[in-house]
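Colleague: Which chain is which? The protein sequence lines are A and B, in order.
First residue of the first sequence? That's 1 in the numbering used here, and the numbers climb one at a time after it.
First residue of the second sequence? That's 428 in the numbering used here, and the numbers climb one at a time after it.
Just so you know, the hints here were simulated from the structure itself, not pulled from any lab data.
Bear in mind that the values here come from a model prediction, so they are computed numbers and not experimental data.
Watch out, some of these pointers could steer you wrong.
Here are the simulated DSBU-like pairs of lysine-lysine, each with C-alpha atoms no more than 30 Å apart in a straight line [stated by the list, open to error]:
hint: 1; chain 1: B; residue 1: Lys681; chain 2: A; residue 2: Lys417
hint: 2; chain 1: A; residue 1: Lys226; chain 2: B; residue 2: Lys468
hint: 3; chain 1: A; residue 1: Lys413; chain 2: B; residue 2: Lys681
hint: 4; chain 1: B; residue 1: Lys681; chain 2: A; residue 2: Lys74
hint: 5; chain 1: A; residue 1: Lys313; chain 2: B; residue 2: Lys468
hint: 6; chain 1: B; residue 1: Lys468; chain 2: A; residue 2: Lys417
hint: 7; chain 1: A; residue 1: Lys413; chain 2: B; residue 2: Lys713
hint: 8; chain 1: A; residue 1: Lys314; chain 2: B; residue 2: Lys577
hint: 9; chain 1: A; residue 1: Lys183; chain 2: B; residue 2: Lys577
hint: 10; chain 1: B; residue 1: Lys577; chain 2: A; residue 2: Lys261
hint: 11; chain 1: A; residue 1: Lys325; chain 2: A; residue 2: Lys59
hint: 12; chain 1: B; residue 1: Lys577; chain 2: A; residue 2: Lys231
hint: 13; chain 1: B; residue 1: Lys577; chain 2: A; residue 2: Lys80
hint: 14; chain 1: A; residue 1: Lys261; chain 2: B; residue 2: Lys681
hint: 15; chain 1: B; residue 1: Lys713; chain 2: A; residue 2: Lys125
hint: 16; chain 1: B; residue 1: Lys468; chain 2: A; residue 2: Lys80
hint: 17; chain 1: B; residue 1: Lys577; chain 2: A; residue 2: Lys417
hint: 18; chain 1: B; residue 1: Lys468; chain 2: A; residue 2: Lys406
hint: 19; chain 1: B; residue 1: Lys681; chain 2: A; residue 2: Lys136
hint: 20; chain 1: B; residue 1: Lys713; chain 2: A; residue 2: Lys226
hint: 21; chain 1: A; residue 1: Lys188; chain 2: B; residue 2: Lys577
hint: 22; chain 1: B; residue 1: Lys681; chain 2: A; residue 2: Lys42
hint: 23; chain 1: A; residue 1: Lys427; chain 2: B; residue 2: Lys681
hint: 24; chain 1: A; residue 1: Lys313; chain 2: A; residue 2: Lys266
Going by beta-carbon spacing under 7 Å, a handful of chain A positions derived as facing chain B [claimed, not checked]:
hint: 25; residue: Asp102
hint: 26; residue: Pro106
hint: 27; residue: Lys183
By construction, the Cβ of each residue, glycine as well, lies at the ideal position given by its N, Cα and C atoms.
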Amino acid sequence: MKHSFATCAAAVALALGASAVQAQSTEVPFYFPVAVGGPITKIIDQFATDFNKENPSIKVSPIYAGSYQDTIVKALTANKAGTPPVASVLLSTDTFTLIDEDAIVPIDNFVKTPEDKAWLGGFYKAFLLNGQIGGKTWGVPFQRSTVVLYWNKELFKEAGLDPNKAPQTWAEMTSMAQKLTRKDASGKVMQYGVQIPSSGFPYWLFQGLTTQNDVILANEAGTQTKFDDPKVIEALQYWVDLSKKYGVHPSGIVEWGTTPKDFMEKKVAMIWTTTGNLTNIRTNAKFDFGVAMLPAGKKRGSPTGGGNFFIFKKATPAQQEAAFKFAKWLTQPARAAQWGIDTGYVAVSPAAWDTPALKKYAAEFAPAAVARDQLQYAVAELSTHDNQRVTKAFNDGLQAALTGSKTAEAAMKDAQKEAERLLRSYK
Amino acid sequence: MNAQKQAHAWLLLLPALTLLVAFTHYPAIATLIDSFMSTPKPYRASVFVGIDNYAAMVDDPIFWQALRNNLWFALATIPLSVGLALAMALWVNGKIAGRGFLRMAYFTPTVLPMIAVANIWLFFYTPSYGLLEQIGNLFGLPSQNWLGDKATALGAITAVAIWKEAGFFMIFYLAALQGINPSLREAAAIEGASRWFFFRRVLWPLLMPTTIFVLVNAVINAFRMVDHVVVMTRGGPDNATTLLLYHLYEVGFKFWDQGYAAAVTVVLLAALATVALVQFFVLDRKAHY
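Bound-form chain A, shown alone:
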């Protein structure tokens, strides 16, 4: 007891001393989420340490805030309480919500020099889409991704398929998956052909299918959805058919979190997941695997995904400027390249892909470039006003169809009706 009291006293003294030093520097509390496997917290902490060393007048303190979902809950709660973080990485799709809550400031406010303008213009256009609303750029791309297909080359070989060739179209994916699905003597499936996770945010993976079926789910103003479009229903029917009709996809809801593990355990031969899982799978898979663009339906396509860097309105101007400096620092080509190599996220600018480090990495490990190459087919991720709620209505519909409690058509019509009700007040 005595000992712990002494420790406490020491800690308090230390904290007091530390805050006395910090008083001279600009504090930048920075919330970030972790959504993929790997030592993300360690990397971010290192970034902050390096940045603080280079900029002694600024003190960025990274705060791990949970999943994307937890992070926005924490950031908005803090905002309502009057003490939001100065900067945060949040889903790019939450931009409408953040604007509606009057929580963030546009990045354009800080872009003054030609150099800054060049920086903002340097990002991939596809990654800027979700952050640009009403002619302003509200968030800059940071940990961005697309959906890609991972395939197990060993299992392909065993099934008599060319291990170096991933499916190029929906039809090919179905027929390959049929060859890759293995059953035991009693008819129980030991290994599935393909798996598209459907827990948490099924809309995101499904948007791959809808984009390939040549339909965009919401308008740019975020006030109108097209969930009941026949092309959307058709895409959903294809997903449902993979398990119900062809039996090559696990039935019911497939967990997002255990999908990479299912792949590494060889329980499934092909999975759809974020390119952000690339480093995790590369480190842990004990077999040769490939990464490919998603197969084409009427065309190729994938939504972009992941998090943007936002600056909060309630911070002081000095803090905002400091956060802006940190954002620029984080997305410098060399650093963005390293971040991409360490995590699997797509480096956010063409300049980053021109750095020797990333060039070398992509040459040695071709899968790293797949998500970048897919960017030319990428569309903005589904995002509307009252985004969480509209998306939930959509997710519920998708899960209802996948679990068989509604037909694809009924599920999407219900989701559309609910979305229209929610978006009425924003038109």
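Model the placement of chain B on the given structure of chain A, informed by the hints.
Modeller: Only chain B this time, still in chain A's reference frame:
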């Protein structure tokens, strides 16, 4: 009582009173008021909307589903976890080998953090290679997606809650059993009473105060359950495992619909208060202290 003594009494009460008002009564009343107001937005202040929020609740199918799910959840968890707790307590109260170890084993689920527990169970339930699947394989049972199927998801969540709660309630029963005078058992033995008779006519009535306490807790726990849901299913598939508090969390902290969330809270509070009152006034009469 003179004025000085009165003042003294109030001063002694003050710390507890302050805490009670700040963290219980004031929030409850503020919530009640908020439930009649619209949700404040940056460009639109909160206004009085009467019973609009309650009317919206009546029209909200997810609210009704959450209520139904929660009732099923309560109906399953309360009797099963309390019954199991009593059985375990009776067992580890006797003179058996490895008693200390057994008691610890039963209590372990209670000490583990909920989130960690839920993550462990997530892998128990995983199709293809989860623990349940592997046990099922030994008996040649068909593959089952426990958390991904609307028919089994709520049951799967319920099982985790029972597993977790039973050990906690066992502690109370164990304490009560140890407080019972051993001469009663001796007297019953002399009279030649069977074990079942002894339990029914002596132990059970004597345990009644503990049972009431445990029941009140079980009801509260059944309605405040949220962490397992967040980790294991996030209310899915298609709201099959959405419980009231999870729905409340979504409305309040994902959709930021403060007015509506306040209305749901009021309903939840009212339901809990009713159950607690019934328990106190009806069951309490049957208890001998």
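Colleague: Give a verdict on every hint.
Modeller: Now for the hints, and whether the structure bears them out:
{"no.": "1", "hint": "B:Lys681 x A:Lys417", "in the structure": "20 Å, holds"}
{"no.": "2", "hint": "A:Lys226 x B:Lys468", "in the structure": "27 Å, holds"}
{"no.": "3", "hint": "A:Lys413 x B:Lys681", "in the structure": "23 Å, holds"}
{"no.": "4", "hint": "B:Lys681 x A:Lys74", "in the structure": "10 Å, holds"}
{"no.": "5", "hint": "A:Lys313 x B:Lys468", "in the structure": "15 Å, holds"}
{"no.": "6", "hint": "B:Lys468 x A:Lys417", "in the structure": "24 Å, holds"}
{"no.": "7", "hint": "A:Lys413 x B:Lys713", "in the structure": "54 Å, violated"}
{"no.": "8", "hint": "A:Lys314 x B:Lys577", "in the structure": "43 Å, violated"}
{"no.": "9", "hint": "A:Lys183 x B:Lys577", "in the structure": "25 Å, holds"}
{"no.": "10", "hint": "B:Lys577 x A:Lys261", "in the structure": "23 Å, holds"}
{"no.": "11", "hint": "A:Lys325 x A:Lys59", "in the structure": "12 Å, holds"}
{"no.": "12", "hint": "B:Lys577 x A:Lys231", "in the structure": "26 Å, holds"}
{"no.": "13", "hint": "B:Lys577 x A:Lys80", "in the structure": "36 Å, violated"}
{"no.": "14", "hint": "A:Lys261 x B:Lys681", "in the structure": "28 Å, holds"}
{"no.": "15", "hint": "B:Lys713 x A:Lys125", "in the structure": "72 Å, violated"}
{"no.": "16", "hint": "B:Lys468 x A:Lys80", "in the structure": "10 Å, holds"}
{"no.": "17", "hint": "B:Lys577 x A:Lys417", "in the structure": "23 Å, holds"}
{"no.": "18", "hint": "B:Lys468 x A:Lys406", "in the structure": "35 Å, violated"}
{"no.": "19", "hint": "B:Lys681 x A:Lys136", "in the structure": "25 Å, holds"}
{"no.": "20", "hint": "B:Lys713 x A:Lys226", "in the structure": "60 Å, violated"}
{"no.": "21", "hint": "A:Lys188 x B:Lys577", "in the structure": "21 Å, holds"}
{"no.": "22", "hint": "B:Lys681 x A:Lys42", "in the structure": "28 Å, holds"}
{"no.": "23", "hint": "A:Lys427 x B:Lys681", "in the structure": "22 Å, holds"}
{"no.": "24", "hint": "A:Lys313 x A:Lys266", "in the structure": "48 Å, violated"}
{"no.": "25", "hint": "Asp102", "in the structure": "3 Å, holds"}
{"no.": "26", "hint": "Pro106", "in the structure": "15 Å, violated"}
{"no.": "27", "hint": "Lys183", "in the structure": "11 Å, violated"}
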